[in-house]
Structure formats: structure tokens, C-alpha cells
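S.K.: Start from the sequences, fold in the hints, and give me the full structure.
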Amino acid sequence: MKRIRWGWVAVAAPPVIFIGYFFVYPLIRILVLGLSELSVGASGVEARLIRVGWFTLWQATVSTVLTFLAAGPLTWAVSSFEFKGRRLAMALATVPFVLPTVVVGTAFVALGWQESIGAILAAHVFFNVAVVVRTVSTLWSRIDPRIQEAARVLGASEWDVFWRITLRLLRPAIAAAASIVFLFTFTSFGVILILGGFRYATLEVEIYRQAVTLFDLPLAAALAIVQLVGVSGALYWYSRYQERTAVSWTLERGTNLRRPKGRARTGVLFATLGTLIALAIPLSTLVSRSVTGTYYQALFRDDPVVGVPAHSVLNSLVFAVAATLLATIIGVLAATVITGRSGELSRWFDLTLMLPLGTSAVTIGFGFIVALDWPVDLRATRWLVPAAHALVAIPFVVRSTVPTLRSVPAETRDAARVLGASPFRVWREIDLPIVSRAGMVGAAFAFVISLGEFGATSFVARPASATIPTMIFRLLSRPGQTSFGMAMALSVVLAGLTAAVVMAIDRARFGELGSF
Amino acid sequence: MLQVENLDVVIDSKPILENVSLTVADSEIVAVLGPSGSGKSTFLRAIAGLVEAATGDIRWDGRSIANVPTHRRGFGLMFQGYALFPHMNVGENVGFGLKMAGKDDIAGQVEEALSWVGLEGFGSRQVESLSGGEQQRVALARTLAPRPDLVMLDEPLGALDRNLRQKLVTDTREVLEERDVTAIVVTHDREEASALSDRLALMRSGTIVQTGHLEELLAHPADEWVAEFIA
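Chains A and B, in that order, are what the protein sequence lines are. Start counting the first sequence at 380; every next residue gets the next number (this note's numbering). Start counting the second sequence at 25; every next residue gets the next number (this note's numbering).
In short, the hints are calculated from the structure, not lab data. For each residue, glycine too, the CB sits at the ideal point set by N, CA and C. Be a bit skeptical, because a hint or two may be false.
Beta-carbon label-pair distances, calculated as ranges [stated by the list, open to error]: (1) 754(A) with 81(B): 55 to 65 angstroms; (2) 93(B) with 697(A): 19 to 29 angstroms; (3) 879(A) with 148(B): 28 to 38 angstroms.
To give an idea of the interface, some chain A residues facing chain B are shown, with a C-beta separation under 7 angstroms as derived from the structure [unchecked claim]: (4) 790; (5) 791; (6) 793; (7) 794; (8) 796; (9) 797; (10) 798; (11) 799; (12) 800; (13) 801; (14) 812; (15) 813.
M.R.: Have a look at this one:
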């Protein structure tokens, strides 16, 4: 006996419609457009694809390797030792990661490093050090020390232990961190658009130039396909690798941290302070240079070209609220379907909803301008901006809600039923309170993402509805010290807003269930 | 009085319970004893209405309850691992059944239920802050607070360490007897079963093999497996 469960249909419909129209359908339009361009084989297309594709690949690879080298010392220190300020050091090293890419780009311009490959690589390292430190140290600090001790007893030197035991055991975490960093730098947009000038273009930047500046949509679509293939390839490799190396060994539940002594003490001191000082330089330069003129006051003056720059703050806040509402509602509904007991549907949902994560924000924005002229032309409305932001944020909302919903054992609901709760009251008393707490964290993530989103926004934001990041970019693109100063001032404002929301998330996470 | 007659339960086309019959008289405590995986927990879940019976009948005071949904059966079930609500404090957990029943003076009854298990004043504590033994007692209080017609305990002491178990066996038995409840206790531990109950029902591979007092079973085991299992 198969009944249609109308409750589930009602829960699943909004995510299906939203993702279907704003993501799957535009992706199909890009594929159709791009494949016809590729099959025509227009002159010069191939050469350009190879040049841009090659640059994208090698800069991502080099950025990943450099990030590991830069993150190594701090990772070692926080994984092996307990010392004063350890948690603070981890928190500070994470600051660059939560900053919007335009802020990072502006900070490196403030250092005077623009239009060079060195600036691009340095900005990528700056941005991603935290990924390596956090991902690898989580595993490293939990390795059972007896494994290493056993190797020492068997005659391995400290170096042998590190090389043959520790590093091998860390492979899953290293692979995870490497693929995240690679994906971020492969799809890097804001940093390269700002720091690369006209000389350096990744696939993302080239898609943007072809589509927005030169209006060659077919070529942009062809580039987007290459990009999709590259990203899916990286994701596929990673999932295969994870399957192959899915070895399990006894992890300690707590961490195994020692107090540093002797030479180790000096090492920890240098590793920690050195990393933090290096990370502090771009930001402190940005802040100190932003106050060397009347740039903040200038943000409130009406400019003949860009309007009143401060208005972008208002736009961004309005869009962020709208995007947060959208992403939270859709994301929580989707998480409910994913964790629900309906096998096939759940798995299918899980996969589809993670796709926007694998697709770049630029592809999402590009898809909007290619596809959303049907059934009515939506491309001129300002509300495409929050729709795009919501799409980028939904995977994060889902990811922060699903573990909480999964952590509620099925027996908890059974217990409520036995105690007299009807199906509706089970939802009202058990699911709703639990999901709304997790949803709050997801909502805050969505808010931060919306504030800093640049890739998709650069396609869909109208000049009259510029967000903070698009306004910063417009100011940076203009010559003149005042424009640049205003860009720096606005970057500091954006960084401040972002930091405030991130700090609120952090406090909520420590205070509440503590299970994230 | 609870009467389970020729109960069959099938989950994912695998038979879990086959032709199970058991009668529990008012104020009687019966222990269902058997190795893990023998279907004991499913038996309780079927009586609670959490799993559907393929065939057979479950009756309370002579009336069939097979079509009564879980939340209207008025039974209590204490889960293995307790299944406390993580987002509620101790008092809210214990008061949940009373709230669902629309009772007045929930606070007073919660405090009373907590006193049965020796946790007076624990109402505002967070569930995660409790020790294993305290969680067990909160779960027991939550099960007993709405004064259910039938109390079912699934491995009530299974998750606790040995020393604590010995003390809590006596405590749990006392609490059950003072309330004069009708109860079914599921366990894989022979000593625990005989200490908690008036009568044993031995379960093996989804079937009840033999019922009776421990002495009867020891004196006249139905087969070799029974003799070995309770020895």
C-alpha cells in the first residue's frame, strides 16, 4: 500500500521549485549555449580556452602548495602543544577566511601589490591558511600518541615518526584541506579580478569579461562548461580518494596536547607569532591607510558616476535580510527532507542541493543573465540579487542544519509519541525547537555570505542597487587616490560588519547545543 | 490486564516476532529475558504501537488496542539509552507527558515524580549535565509521571556500569512497587531480570520459549537452551 504523503510534498516543493528554476534550469541553458559554441569551433576559441584554463590550473595548484607551506608551522604548533593563547591564535588565523574576497583584494592593493602574480598567490595563501590549520589540526591533535610511541620504541627517529607515521595518518585531512583550497583558488574571482589587472585571468574572470564587458555570451558559456568539468573533476577525485583511504583507526576522544619545553617552546613561539604577524600585515595596512584622508566622509557625498557610496551599505543590508530569509526557509525545508525517513528522495535531495556549492558563484550569476528571461524577463529586477545570494548560501544552511537534525535519535520522537504527543505535536515540540536553533546559525551564515558575495552579484546587481562589494569594485576600477581611499574605507566597513556577525555566530555556537 | 495474543511482527520483510503470546496481570511485573537480537525491544515497541503487528492482537482490559495510535494508548515506555529530549531541561522532560495530557499543576507533579527517583530539585538542570545514573532516573521519572496504565522498561540499566547497576536495580524495583504499577521489563541479564520482576518470560529468536518464576524455570527448563541460558 503506497500512500502519497502530502505533508512531505508540501515540505519538498519549495526547495524543488527554487533550486529547479534558479539553478538547474539556468545550468541547462548554459550547457546548450556553450556546447553549440564549442561544436562550431569559432576561431581562436580553442587557443583562449587553453591559455585561460592552463593559468587557472597552475595558479590553483601553486596556491594550494604555498598555502600548505605557510600553514605548516602554525598547524604543527596548535596540533601538538597546549600553550597560552592557543585558541586565540586559531581564532585570529581564521579571520582572513571569513573576510569577503573584495576586502582581501583591496587589502593587497593597499600594500601596493596589484597586477602581479605574486599578489594573487599571496592573497590566496592569506585567505586559505585557516582551512589547512583547522582541518589538519583537528585530526592531528587526536592521533593516539601510543602509535607514535610504538614507532619510537621500534627505532624510528623523531623525523621518521613524522614522515612515516604522522604524515601518513594525516592523509585524509590533508586531502580534504587540499581539495577545499584547490576548489577555492580554482574558482577564485574577486581576488583575481582586483589583483590580476588585465594580464591575468582565470576561467571565472574570463567568463565575467566575455559576458559582461564584451557581451560574448556563447564564449562565456563555453568557458563555464570547462569550469564545471574542472570543478566536478576535482570533486570526483576527492570523493574517490576518500573512499580509497577510508581507513579507520582508534582516534582519541580528547586531544593529546603537551606543554612545549625547550627547543619546542621557541619553535611554537616563532611559528605562532610569525604566522599571526604575517596575516596581520595586509589588514592593518588597509585599516591604517583608510584613515589617512577624509575617505569615510566622502562615502556620504553624492558622486556623479557611482552615486552615494554609503547607500550600498543600505542595499547590502536589505538584500542580506531577504537572502537570509529565503536561504533559511528553503534550507531548513530541504534539511527536513534530507533527514526524513524517505530513502531515495533524501539521497537525491542531498546531492542536488550540494551542487551550487560545486558550481562557482560566477556560473550562478552568469546563469541568471542567460536564462531568466523566461517565462517572464526577470533580469532587470533588483530581487535577483537576494535570489542569487540565497542560492550560494543554501548549501551552508543545509550543512549546518542536517547534523543537528540527524543528531536527534529517532527514539526521541518515539518517546514523545509514547508520552501522548500526536504527530503534529511531535513536530511542534521536538523538531521545530531543535531545527530553529540550528536554523539560527545557518541564517547567520547566510547573512555573512550575502554581505560579502561578489561573484554572482557582479552579474545581477544594477548600478542603482549596488551592494558593498560591487561598489568597492567600481571605486577600485576608477583612477584617483580619492576613489581608492573610499574603496579602502568601504572595505573596512564591510570587514567590520562581517566580523560582528561572525562573532555573534561563534557565541551562539558556544552557548547552545555545542554540537557543531 | 495486558493480553498479547499470537503476535507476529515483520520489519523489512524479515520476521522479527513470531506467534508471541503473553499475559501480564494488574500490578504484576514481568521480565522478558533473552539474548540481544532476540526481538525483545521490538516486542515493547509493538505493545506501544510504534511498530505495526502483521497478525495477532494486543488487548488492554479485554479491549483490542491494535488500532489505537501510540499517543492515545496511555502506556509508558522507557527507552534503552533513555531518549531524553536534548532541548529541554529535566523538569520539561518529566512534565512532557503531563503537558500532552493537558494536566494542571504540572510543576507540582513533576517535583513529585522527581522525588520518587530521589532527584528533588533537579527540575531546572540541563539534561547533558547529568551523569548516566541521573539520566536513567530522569527517564524513569518521565515514564512514570503521567501515571501510565502499563510501564515498559527497555534495558533500564543496560548503559550503566556494574556498581551503579546493583544499586539502581533495588531502587528501580522499589519505585515500581510503591507505584503499584503493571510493568514489563526487557533485559538480557538474568540477575537483573529476577531482581526486578515477579515472573520471567524467556525470549529467543522472536518467540517466547517459556514463562514462569526463576525457580520453576531452573527446576523444569523447557529445553536445553533454556537450561543453559538461565544457569
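S.K.: Now tell me, hint by hint, if it's right for this structure.
M.R.: Against the structure, the hints:
{"no.": "1", "hint": "754(A) with 81(B): 55 to 65 angstroms", "result": "57 angstroms, holds"}
{"no.": "2", "hint": "93(B) with 697(A): 19 to 29 angstroms", "result": "47 angstroms, violated"}
{"no.": "3", "hint": "879(A) with 148(B): 28 to 38 angstroms", "result": "32 angstroms, holds"}
{"no.": "4", "hint": "790", "result": "4 angstroms, holds"}
{"no.": "5", "hint": "791", "result": "5 angstroms, holds"}
{"no.": "6", "hint": "793", "result": "5 angstroms, holds"}
{"no.": "7", "hint": "794", "result": "4 angstroms, holds"}
{"no.": "8", "hint": "796", "result": "4 angstroms, holds"}
{"no.": "9", "hint": "797", "result": "4 angstroms, holds"}
{"no.": "10", "hint": "798", "result": "4 angstroms, holds"}
{"no.": "11", "hint": "799", "result": "4 angstroms, holds"}
{"no.": "12", "hint": "800", "result": "5 angstroms, holds"}
{"no.": "13", "hint": "801", "result": "5 angstroms, holds"}
{"no.": "14", "hint": "812", "result": "5 angstroms, holds"}
{"no.": "15", "hint": "813", "result": "5 angstroms, holds"}
Violated hints amount to a single one, hint 2; each of the other numbered hints is respected by the structure.
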